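Enquirer: Chains as they are written, first to last, in our numbering: chain A, 1 to 616; chain B, 617 to 850.
There may be inaccurate statements among the hints.
Claimed, not checked - One-sided excerpt, in silico: chain A residues whose CB lies under 7 Å from chain B:
no., residue
1, Pro15
2, Gly21
3, Trp28
4, Phe256
5, Ile394
Read the hints as simulated data drawn from the structure, not as lab findings.
Bear in mind that the values here come from a model prediction, so they are computed numbers and not experimental data.
Glycine is no exception: its CB is placed at the ideal position from the N, C-alpha and C atoms.
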Amino acid sequence: MNSSIKDYIYDKLLPRVEKPGRYIGTEWNSVHKELKNINIRFAFCFPDTYEVGMSHLGMKILYHLLNDKEDIYCERVFAPWLDMEDLMREENIKLFSLETRDYIKDFDFVGFTLQYEMSYSNIINMLDLADIPKLSAERGEGDPFVVAGGPCAYNPEPLADIIDFFMLGEGEEQMLEVMDIYRKWKARGLTRVEFLDMVSTVPGVYVPAFYDVKYNKDGTIEDIKPNREGISLKVKKRLIKDLNKAYFPDKIIVPFINIVHDRIILEVFRGCTRGCRFCQAGMIYRPVRERTVEELLSIAEKLVESSGYEEISLSSLSTGDYSKLNELVEKLMSKYEKDRVGLSLPSLRIDSVSLKLMQDVQKVRKSGLTFAPEAGTQRMRDVINKNVTEEDLINSVGAAFDTGYSNVKLYFMIGLPTETMEDVDGIAELGHKVLERYYQVPKSQRGKGVNVTISTSCFVPKPFTPFQWEPQDTIESLRDKQKYLQHKLKRKGLSYNWHDPELSYMEAVFARGDRRLSKVLIRAWELGCKFDSWDQCFKYDLWMKAFKDCDLDPDFYTIRKRDLEEIMPWSHIDVGVTDKYLKKEYEKALKGETTRDCRINCTGCGINMLQEGGVC
Amino acid sequence: MMSIRLKFIKGYETKYISHLDLMRTFQRAIRRAGIPINYSKGFNPHPKMSFASALGIGLTSKGEYLDLVVEDEISGEEIMKRLNEYLPKGLRVIDAVTLEDKAKSAMSLVTHARYYMKLNFKHGIDIEKSLSDFLNSDVITVFKEQPKKNFQTVEVDIKPMIKEIKVLSKKGKSQIILDCLLASGSKANLKPQLLIDAIKNHIGSTFEVESIERIELYADRKGQFIPLLSIDNR
Ligand code: SF4
Numbered sequence: 001m002n003s004s005i006k007d008y009i010y011d012k013l014l015p016r017v018e019k020p021g022r023y024i025g026t027e028w029n030s031v032h033k034e035l036k037n038i039n040i041r042f043a044f045c046f047p048d049t050y051e052v053g054m055s056h057l058g059m060k061i062l063y064h065l066l067n068d069k070e071d072i073y074c075e076r077v078f079a080p081w082l083d084m085e086d087l088m089r090e091e092n093i094k095l096f097s098l099e100t101r102d103y104i105k106d107f108d109f110v111g112f113t114l115q116y117e118m119s120y121s122n123i124i125n126m127l128d129l130a131d132i133p134k135l136s137a138e139r140g141e142g143d144p145f146v147v148a149g150g151p152c153a154y155n156p157e158p159l160a161d162i163i164d165f166f167m168l169g170e171g172e173e174q175m176l177e178v179m180d181i182y183r184k185w186k187a188r189g190l191t192r193v194e195f196l197d198m199v200s201t202v203p204g205v206y207v208p209a210f211y212d213v214k215y216n217k218d219g220t221i222e223d224i225k226p227n228r229e230g231i232s233l234k235v236k237k238r239l240i241k242d243l244n245k246a247y248f249p250d251k252i253i254v255p256f257i258n259i260v261h262d263r264i265i266l267e268v269f270r271g272c273t274r275g276c277r278f279c280q281a282g283m284i285y286r287p288v289r290e291r292t293v294e295e296l297l298s299i300a301e302k303l304v305e306s307s308g309y310e311e312i313s314l315s316s317l318s319t320g321d322y323s324k325l326n327e328l329v330e331k332l333m334s335k336y337e338k339d340r341v342g343l344s345l346p347s348l349r350i351d352s353v354s355l356k357l358m359q360d361v362q363k364v365r366k367s368g369l370t371f372a373p374e375a376g377t378q379r380m381r382d383v384i385n386k387n388v389t390e391e392d393l394i395n396s397v398g399a400a401f402d403t404g405y406s407n408v409k410l411y412f413m414i415g416l417p418t419e420t421m422e423d424v425d426g427i428a429e430l431g432h433k434v435l436e437r438y439y440q441v442p443k444s445q446r447g448k449g450v451n452v453t454i455s456t457s458c459f460v461p462k463p464f465t466p467f468q469w470e471p472q473d474t475i476e477s478l479r480d481k482q483k484y485l486q487h488k489l490k491r492k493g494l495s496y497n498w499h500d501p502e503l504s505y506m507e508a509v510f511a512r513g514d515r516r517l518s519k520v521l522i523r524a525w526e527l528g529c530k531f532d533s534w535d536q537c538f539k540y541d542l543w544m545k546a547f548k549d550c551d552l553d554p555d556f557y558t559i560r561k562r563d564l565e566e567i568m569p570w571s572h573i574d575v576g577v578t579d580k581y582l583k584k585e586y587e588k589a590l591k592g593e594t595t596r597d598c599r600i601n602c603t604g605c606g607i608n609m610l611q612e613g614g615v616c
Numbered sequence: 617m618m619s620i621r622l623k624f625i626k627g628y629e630t631k632y633i634s635h636l637d638l639m640r641t642f643q644r645a646i647r648r649a650g651i652p653i654n655y656s657k658g659f660n661p662h663p664k665m666s667f668a669s670a671l672g673i674g675l676t677s678k679g680e681y682l683d684l685v686v687e688d689e690i691s692g693e694e695i696m697k698r699l700n701e702y703l704p705k706g707l708r709v710i711d712a713v714t715l716e717d718k719a720k721s722a723m724s725l726v727t728h729a730r731y732y733m734k735l736n737f738k739h740g741i742d743i744e745k746s747l748s749d750f751l752n753s754d755v756i757t758v759f760k761e762q763p764k765k766n767f768q769t770v771e772v773d774i775k776p777m778i779k780e781i782k783v784l785s786k787k788g789k790s791q792i793i794l795d796c797l798l799a800s801g802s803k804a805n806l807k808p809q810l811l812i813d814a815i816k817n818h819i820g821s822t823f824e825v826e827s828i829e830r831i832e833l834y835a836d837r838k839g840q841f842i843p844l845l846s847i848d849n850r
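Next up, chain B with everything else stripped away, as it sits in the complex:
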């Protein structure tokens, strides 16, 4: 038995697939591809696989991760090759590594995520100034719904969860791509949509979101952000 970590793209055609549906989609692709996945013991056996982090509906990603446990010796390369033949359009494995025996799961490793957010601003807005105002405030509060508590809202300060926001590129006077590094994981988790809400609270509805793409998932190692594929592999 051994563990493999896959890095995959969730593209345009699959951006509306929920986390649960994505799981089923991978399970079936794995079956079609004949990958010897390991099953849990017990009453209701299920294939041993886990994703690093759920991606919001409507977002695409270039950096999703999936850990698998397989029965036989099979290389990550081989799994990648076979799976890519059997995954529906929009999903593609781009890298794979074999993990060390005692490796932690991708899910428990991830602490941060990078997003590119493409925003279209209304004309005549000084984008840079608005953004720096926003980032320079001491607290950035936003109302958050709690699905587990009957969708009651609480006020949270998301400032500590924003590691970095910078302008990646600009197109003309109105389009901008922001590069955002946000807390993501079991300890602290900032969904990009909540950040958008916060920006809108602060500077008004002066822009529309064109698209959001997740770029990479990281583990914070003493201030170094290491992509998940580069950790714990043989």
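Here chain A stands alone, though its shape is the one from the complex:
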């Protein structure tokens, strides 16, 4: 690319945006290569701002994984913020990578990571800014391959017309296999469709164009079938058997500007055995695979040295379940105390970790503690299989209050299957009980300025969970429940936060959507939708108009109850957890029966059969 454009972007555009630090690209540990030695250029795109994207662990891993190969250059791209986008459009500047400021339309791959459904409109916007055809079918020889992965890729269908191929599951091995095939393809000078053919042989790679979807009159799916020779009926997700042997970079980029999680993230284990029925992550990331304490210490040491970060955060779906948590925390603390590297433990479960541990760790900062009972009554918690009792909660917050904490946050969901007003009321009651517990602490011993924050999110039924057949609660009903809680939680010391039901509604459409939604996405983008996960940008009315223009009813995807035998848009995707297991769990849920943690005893979810030599 013309270097004067690169300089122009840097010297003339950046002074005119609010946060130029988002677009710099020379941060410590960012990778800069001689282009003449490069065979494959990969634009790793995060469809949100720099601050959000740079906080994401998967990106850090894959960035260095690819760049460790001599002939591959992976660069980062984030969604330019509105001010930058305006300037780019005004001055006819195309979407560029951070490291070289080259236009990504000239790259070999443009890869998106799908972390949440409401980022999809940004994908369309980024393709448009990049001047890459938005529809896969419209891309020709010489265009980059537009690929995607990440948790939302397990239901890839809403993006089926846009993405050339998806990579399902954990990418550490698969990504390099795809690159190997690409090298061969490039050397032989074959066509685009020949590459898709070749790459579809890599386990976990899904080429949507190679499947046809037929619909029934009522809009449900009649069947999904491969439309060419040699394409498998089902695509299985990829899985790393032993995390201790998986690739992990010994350095990470250290941003100049403040990002959302500005620290070292230490992934202690993957997967979760709790079996919460609302939780998609708990199903799709199975099975549990722990890193050893030694491995974690060695990763921490390399990252602390190479980054200079002053904080390590342990992260997993439920970090408190790590079998050697005490040992790990002790060792990390004794090793790093004198170097002033702090430790944080986010998202601990109230029933699985002693408060003592948290206190040790959070010695310095008496910030708030968070708890996630998720539902207000025992009945409701049994339905969702959140095996926590009221007693557990009161004991834990009590212990916290006794030792001087005065700030706790409680997370709940509303709109859960079978929920009644009694369950909603239970949320308010629990809030009051927690506050009462604070007042039981003698005045002289308790922390000042009590604040119990109750947050409710709106439940979104997700694919590959026991609730995938369930309707979502209606916007009206959700709003009524929120109003009720606002009223019930008016008291000094209590505060109540809630989420817009409209956003959860749209999320629900795309979570369980089919490939007809691709055109809705494009239409919504045409109407001006982008950055939907940002309150100030989300425009519900425009989305509704997009559905109308495309002659589709969003209620079909949200508030409709599915028949147990219905063919789901993702039924050709295999995440390991079987349909049979999900159905059984669904039936138990409706009866209010719980399922035990499968760490103790296998409960037969099927993940151990996903690949040879099962892993559980």
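Here the structure of chain A is known, so what remains is to put chain B with the ligand in place on it, guided by the hints.
Expert: For chain B with the ligand alone, kept in the frame of chain A given last:
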């Protein structure tokens, strides 16, 4: 324990890094480099380091200063060498001295700053005449926003804060580099952007700013402008 003063360059790659982000960037580089920096006592300990003066976003500099307090005997040379291995592109330490025990902080010493401003004029403008007109006026008023007062604007006379402006060099008929010595510090502070506004008020928008670079920070010692590195060192 001892105090070290570093002089560093903030170059092209880091010109958009804000003061706060620069602070964090140095803190992390210091950690990577294993420099035994001293921490403040108390509830929330922080590394003892302070910059002489914040540099506006978009400006580069050849003369920035940073004071550090370190635990052990370690030479300025050694700190410079180690830090330069661990600073991101665009930041480079170019000099270091050990300070006297009771030395004042760089921040409290600085009174003036020198800037080179590269301006591109439209054709047919008599640059010299415009500038001398500007400098010869008795008062040079300009409207200034006050961030702490809801961005209300006040009128200020910046003339007393301009110590000197001269033409450093000229390229062709339209490009000129001005050498400006301006008040900078806690007593009086003239940001170069405000000077640009003032010039534009006076002679019209006849030019565009190509770049502004800070060259040096000084302490005014009885009319002598001494670079910060030459003060209070052993
Ligand atoms: S196979 Fe058994 S032990 Fe493994 S995740 Fe599934 S239920 Fe749990």
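Enquirer: Under 7 Å is the threshold here; is the Cβ of Trp28 of chain A close enough to any Cβ of chain B for the hint to stand?
Expert: 4 Å, holds
Enquirer: Please verify that hint: Pro15 of chain A, Cβ, nearest Cβ of chain B, below 7 Å or not.
Expert: 5 Å, holds
Enquirer: When the nearest CB of chain B is found for Phe256 of chain A, is that gap smaller than 7 Å?
Expert: 5 Å, holds
Enquirer: Should the interface hint for Gly21 of chain A be scored as holding, given a Cβ-Cβ cut-off of 7 Å against chain B?
Expert: 6 Å, holds
Enquirer: Can you verify the interface hint for Ile394 of chain A: is its Cβ closer than 7 Å to any Cβ in chain B?
Expert: 30 Å, violated
In the structure shown, a violation is registered for the earlier hint numbered 5 alone.
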